[in-house]
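On the provided structure of chain Z, position chain X as indicated by the hints.
So the protein sequences, as listed, match chains Z and X.
Residue 206 in this note's numbering is what sits at position 206 of the first sequence, and the numbering runs on without skipping anything.
Residue 232 in this note's numbering is what sits at position 232 of the second sequence, and the numbering runs on without skipping anything.
Simulated from the structure, these hints should not be mistaken for lab results.
Take the hints with a grain of salt, since some may be wrong.
[Stated by the list, open to error] Keeping only pairs whose Cα atoms sit at most 27 Å apart, straight-line, the calculated DSSO-like set for lysine-lysine is:
no.: 1; chain 1: X; residue 1: K441; chain 2: Z; residue 2: K282
no.: 2; chain 1: X; residue 1: K247; chain 2: X; residue 2: K277
no.: 3; chain 1: Z; residue 1: K73; chain 2: X; residue 2: K247
no.: 4; chain 1: X; residue 1: K335; chain 2: Z; residue 2: K73
no.: 5; chain 1: Z; residue 1: K350; chain 2: Z; residue 2: K282
no.: 6; chain 1: X; residue 1: K441; chain 2: Z; residue 2: K77
no.: 7; chain 1: X; residue 1: K127; chain 2: X; residue 2: K411
Chain by chain, the residues run as shown.
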Amino acid sequence: MQRLGALLRRSQGDAVLAPQLLRTYSTMQMTIRDALNSAMDEEMARDETVFVMGEEVAEYQGAYKITRGLLQKYGPKRVRDTPITEAGFTGIGVGAAFQGLRPIVEFMTFNFSMQAMDQIINSAAKHHYMSSGAITCPIVFRGANGAAAGVAAQHSQCFAAWYSSVPGLKVLAPYDAEDTRGLLKASIRDPDPVVFLENEILYGESFPVDQAVLDKDFVLPIGKAKVMRSGTDVTLIGFGKMVGYNLKAAELLEQEGISCEVVNLRSLKPLDREGIAQSIRKTHRVVSVEEGWPQCGIGSEIVSIAVEECFDDLDAPPERVTGAEVPMPYAANLEAAALPTTDHILAAVKRVMGK
Amino acid sequence: MLAAWRTVAQRRQCPRAPALLAAARHLASQTATASAQSASVAAEVPSSSSGSEPSARLSSSSQQQEERMDFPGGSVPFTAAMSFLGGTFSPRAPLPCYRTIDSAGLAIADADIPHELDQETAVKMYKTMVTLQTVDVIFYEAQRQGRFSFYMTSSGEEATAIGSAAALTNDDVIFSQYREQGVIMYRGFSVQDMAHQCFGNIHEQGKGRQMPIHYGSKSLNFHTISSTLATQLPHAVGAAYALKLQKRNACAVAYFGEGAASEGDFHAALNFAATLKAPVVFICRNNGWAISTPATDQYRGDGIAGRGPGYGMASLRVDGGDARAVYNATAAARKIAVEQQVPVLVEAMSYRSGHHSTSDDSSRYRAAEEMRQWRARDPVARFQRWLVDQGWWSDAQDTSARQEARRDVIKALETAQKAPKPPLSAMFEDVYARMPWHLEKQQAEVFAHVRTHPDACPADIPVK
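Okay, chain X solo, but in the shape it has when bound:
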């Protein structure tokens, strides 16, 4: 810079030359950053005839001083070497997967356990797993028998749901996708509640508005499930933002699958959560399959956890079949989110042992051998083994717990099936906070029609 201005001053015999030189000396004494910027300014200074470039006259010392630049997005170091990173170039090792119990259910020595599981919590977790497995098997069969229209199991992912739920408080707001029934069950949603919802009867909180498995409970702080994929992710960020403004000691938690993470809403939610510093924990259930799409067709990067650092977010990969690891990962993530008021990403690696839903037959696209191998690593069996090793559970207890669960589930189904459906008036309620006059009018028309044409209304819908 100094050299460039001197050149100009000399060439043009500029009357301001002394002042220019003084200014140039002042500038040259500034930091490397400033000299880098003024180097570009010097390049614009018009030189007279000789045509030599001002940049050639930059001293080598100012070149060496240019090591980084403050871009609007942050400080970035320069390099003269060109080397691509990622893709087929210098592939990075995948993020390791944190676990504390091995595939057989034996505790791993020296595993990090910042949050010890006490007996009461561990037994509650296991009992919920037992109930969940029972519900999944029997409700699936009930759908097959035509008792209700649809069901989704969570076989192979019990530890992800229940391990994480156990690490949260009831003030933490949950937004789930559709395969996290273990979470709402852990919070207290009973098997009877689930049966009522699947039958869409008068006892269910949802008044028969939704398909089966779309559970929700305001009192349990569990948002009603919405079928559209990944839309719950920005919702969770917004709720976290509200918790932040309300200065609550709580976070929002968003569950989603690795397939849903391909949606645009995933990108927007994570990027935005980081810029907003929203206290939200994103928990991805990477179960390897999105209906018939394997994870290898879903992404080419390092899974979902690998994306987190790209958004400036703390990320952890955990063994989703290890309930104790999931518990610890979630407790740690929650602590970061609430104390530092930032988002955190947890990716729980597991396997979808069952079909996508009752509308799917995964034997058409999956190898039986693969499914067999994963069933042998059943998360519930692994946790049971660990529990027994602690002296907190026995085979006799297991048998009786499973029998009791089976009885409860079958009874719940029978009770739910016999209960009446919601009345006709429920069709028009809740479209708005208060029913507007045009819906009142339409409701009156429907009732008038049904009174004169009773066959128009199905027999199991009370006309009131």
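Chain Z on its own, in the form it takes in the complex:
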């Protein structure tokens, strides 16, 4: 009964910012890996112009096994292993998209996308505008973003801030299996280039999904945040893995009598400015939580929204919790120290609460 009440409370929050989902008693568990795999599988079955390319995606079944089984099902023309050239296969994907296919380009990690940055931004993002609509680029760039575990400086950077600043790109960051399925399917169907930021740590994690999510036409709207947990005292804003941290922090804070509203951004571009502002005006306090570096991070944009659009409703200055401003160290203790923890979130909340 209590669980049902919790579900109802959450779905009331949902109603404000996301379409109603049918809640049933029978839910199953799905890993992020399976959510990604099933979304791509269904979209490839639905539309023969959709194809996957990247390093190790075919024979090896994916560096993180995300594309498991797709080669066997769709053949080597639609699941292509590429030579090691991010600039090359990204450019080729862009050209194929210009010509009417719908590529899903996998970066083993978005850290390697830096070698393809020009193709993503100067070609994929800008060509629709530069050609005044004559050229479209319905491409999805997906892969692991942000910190993993023990992979150090060149494999741990978060690219959310860089990509989400570019007009012409759409940038998504799912948290749970429902986000992952709905947003990836929406991305593949979208006519614009989409950067889809996953998290390696979450690939193996399971989340409950209900029947509606499993439907082969389940899509979520791009540009809408989701209230994961309704609250009244402070708004915790994050995306990807940090949503889980915020939810955990909210549970701990509830025991201390602080009611947190947890907002899952889902979409970094377009950013749901109105949804974010609505939540902040309701709770009067906001803490943004992200793994990436502080300067010009996503948190900077959250704070701007809070100040520009909710100034009169704020009871405390907005706060940001971010990763440390260092290239990620390797040693496990240093790596842990460089990333946000639930304790950091608790401390930030207490500061804005004046406690």
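Just chain X now, kept in the frame of chain Z:
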């Protein structure tokens, strides 16, 4: 191998000795390749005390049998001789340059002409060259007068662009660099279209979004020009891949200069096109100069065509100043690409007679004598001479064609300059397929601002 196992069996008095010997005999009867592999296995077999190496006991017959090895990348022959190839060692002669008309415009006897030029095509090619030369001269002057901000001529490379364009079909998708205006003109982009684009006015398809000379036309299958160098090369491969999956009777064509071929995207595109078996024709305009960088500073190998075979790609070097040779080379390359579904590389050797752009003064870094020599081999003059020799053109026709072209170009410039610029609302359109709400909001803010502060908006931009 047989000897090695026998040694082991004997030394160790192994109970499995008979079985081992039988296995060794079986292996020895296999091919040279297998014996080469098992020779390395035998080398790992631990021998007992005496310390003699198993390899010394290999029979000389199995050594002689090792002539090649199947590596994962393919079969490779062995040699006991060590000889470097390339660089300063045994330099190879450069790939020869195919031509059918000499520098004076006289047809070369017995030249390979697999694709004869008919009169209609040849005259269309020449007339386009005349228009192109006229446009280049007058638009360059217009930029100098401040009528628009930027221009690039293609003097000296008219035959490369127009000769190749004439050999393609309209279904072939073109990705160009920036000096191929002859290609889009041949396809039907008018002088008026070009003028509209350079002025960025309301009539141009690009809605004033891009710098001058960044032409594009969806209906003519010519991709809008992108300033970033060589990024169009992987695009062309991707488009070719799409054509392949769509089973179209068409290829993708990518134009680029010898300087752009130094970019990483060139390597990725060619290597990848070969592995993907993409039907794409790469056409390099080797015009000797990349702004002020001469080709000798751009590469040390045999130009660009010399790189093609390294990627496993059919390659041809052609005289870029000979329109008929370029036409034949492109037609042949296209045929290979479409019929065999593989990439092909064509390098057209020519010379950039003009400056890099209106932002450049090449007299600062080039010898006047060099430029004079190349102007004397003007591709348009060479083709004109050949055309006249065929009886398909006359001096009178030439004079009138040039006068008409001049009139058209000047009129086009005037019309384009007078036309209004795109409206303010065009600034926010086409960022995405459908305008998202945050851009709608920003657009509304801009309009509200301009209504209360009319001076904020330039006078020639319609506020709508």
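Is the straight-line distance between the alpha-carbon of K73 (chain Z) and that of K247 (chain X) 27 Å or less?
21 Å, holds
Are the Cα positions of K335 (chain X) and K73 (chain Z) separated by 27 Å at most?
Violated - the C-alpha atoms of K73 (chain Z) and K335 (chain X) are around 33 Å apart, more than 27 Å.
Compare the distance between the alpha carbons of K441 (chain X) and K77 (chain Z) with 27 Å, and conclude whether the hinted pair is satisfied.
Violated: K441 (chain X) and K77 (chain Z) sit about 43 Å apart, past 27 Å.
Holds or violated: K127 (chain X) to K411 (chain X), with C-alpha atoms at most 27 Å apart:
Holds, because 18 Å separates the two Cα atoms, which is no more than 27 Å.
Need the status of pair K441 (chain X), K282 (chain Z): alpha-carbon distance at most 27 Å?
23 Å, holds
What's the verdict on K350 (chain Z) and K282 (chain Z), does the C-alpha distance respect the 27 Å limit or exceed it?
18 Å, holds
Satisfaction of hint between K277 (chain X) and K247 (chain X), Cα-Cα up to 27 Å:
13 Å, holds
Hints 4, 6 from the list above are not met by this structure, while the remaining hints are.
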